[in-house]
Amino acid sequence: DVKVTQSSRYLVKRTGEKVFLECVQDMDHENMFWYRQDPGLGLRLIYFSYDVKMKEKGDIPEGYSVSREKKERFSLILESASTNQTSMYLCASSSLGTDLEIQYFGAGTRLSVL
Amino acid sequence: KQEVTQIPAALSVPEGENLVLNCSFTDSAIYNLQWFRQDPGKGLTSLLLIQSSQREQTSGRLNASLDKSSGRSTLYIAASQPGDSATYLCAVTGANSKLTFGKGITLSVRP
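Residue numbers (the numbering used here), protein chains in the order written: chain A, 289 to 402; chain B, 453 to 563.
I should point out that these hints are in silico values taken from the structure, not numbers from a laboratory. Check each hint, because a few of them may be wrong.
With a straight-line Cα cutoff of 30 Å, these simulated DSS-like cross-link-like pairs (lysine-lysine) come out [stated by the list, open to error]: (1) K550(B) with K343(A); (2) K358(A) with K520(B); (3) K291(A) with K341(A); (4) K345(A) with K494(B); (5) K453(B) with K494(B); (6) K306(A) with K343(A); (7) K494(B) with K343(A); (8) K453(B) with K345(A); (9) K494(B) with K358(A); (10) K306(A) with K359(A); (11) K301(A) with K520(B); (12) K306(A) with K520(B); (13) K359(A) with K520(B); (14) K301(A) with K494(B); (15) K358(A) with K550(B); (16) K306(A) with K550(B); (17) K359(A) with K343(A); (18) K453(B) with K550(B).
No experiment lies behind these values; they were computed from the predicted model shown.
With these hints in hand, go ahead and build the complete structure from the sequences.
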């Protein structure tokens, strides 16, 4: 079974803090994604990566950065957390060209910025 | 820009009923369409994926259809059960493996 693990289920941070959200997948997937999910807005893509050290902006990259130093790990970084970044963050991975490109999701991290 | 719409936002049905969840998308240039399930406070679980060349996929009591030319998909759930209560999301894959999601339909199956 594919496993996508997000390091924290719940996180509370203060405005201005630097925040790291970690995601690890165990299936050697090339593609990894970070989304945020908000009531009434649905899931929106923040950043994605097709390979190590590679990143692409999604639909809402402002205020975020990412790091992919190893194939299995994709980190989302909030350089200076703000209250409007309070949200549910979901990480996903998929295999390029196999598994019909099904995206497998982690359990999510609910981040509150006070 | 691709837009995915799921209407209604919420649905309540009695146990045992067969039901259809609808999804529409604006750009027919898709690689595939996926249906996901999300339980409250949890991540997403992929239920069915239909490639753009396919018309439907089945898994157990679930059947998903795709009409790419009209920009529509349906998820059919047979003999609904209380355990089917969840939010169901539709998503289409466009260029660069990017998914565009609908906002989901929250289904409640009453015992």
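Status of the hints after comparison with the structure:
1. For the hint linking K550(B) to K343(A), the alpha-carbon distance of about 13 Å falls within 30 Å, and the restraint holds.
2. Pair hint K358(A) plus K520(B) does not hold up; C-alpha atoms about 37 Å apart against a cutoff of 30 Å.
3. Our distance criterion of 30 Å between C-alpha atoms is met by K291(A) and K341(A), whose separation comes to about 21 Å.
4. For the proposed pair K345(A) and K494(B), the alpha carbon gap of about 25 Å is at most 30 Å, so the pair holds.
5. A distance of roughly 28 Å separates the Cα atoms of K453(B) and K494(B); the hinted pair therefore holds under the 30 Å criterion.
6. Simply put, K306(A) and K343(A) have alpha-carbon atoms about 20 Å apart, close enough for the 30 Å limit, and the pair holds.
7. In summary, the hint linking K494(B) to K343(A) is supported, as the alpha carbons are separated by about 26 Å, within the 30 Å threshold.
8. Taken as a hint, the K453(B) and K345(A) pair is honoured in the structure, with Cα atoms around 15 Å apart against an allowance of 30 Å.
9. Of the supplied pair hints, the one linking K494(B) and K358(A) holds, its CA atoms being roughly 26 Å apart against a limit of 30 Å.
10. About 23 Å separates the Cα atoms of K306(A) and K359(A), which keeps this hinted pair within 30 Å; it holds.
11. A C-alpha spacing of about 44 Å is found between K301(A) and K520(B), which places the hinted pair above 30 Å, so the restraint is violated.
12. Distance restraint check for K306(A) and K520(B): the Cα-Cα separation of roughly 43 Å exceeds the 30 Å cut-off, and the hinted pair is therefore not satisfied.
13. Restraint check for K359(A) and K520(B): the C-alpha separation of about 34 Å exceeds 30 Å, so the hint is violated.
14. Taken as a hint, the K301(A) and K494(B) pair is honoured in the structure, with Cα atoms around 21 Å apart against an allowance of 30 Å.
15. With a CA separation close to 21 Å, the supplied pair K358(A) and K550(B) stays within the 30 Å bound.
16. Distance restraint check for K306(A) and K550(B): the Cα-Cα separation of roughly 27 Å lies within the 30 Å cut-off, and the hinted pair is therefore satisfied.
17. For a cut-off of 30 Å, the pair hint linking K359(A) to K343(A) stands: about 12 Å separates their Cα positions.
18. Our distance criterion of 30 Å between C-alpha atoms is met by K453(B) and K550(B), whose separation comes to about 12 Å.
Checked against the numbered hints given earlier, the structure breaks hints 2, 11, 12, 13 and satisfies all the rest.
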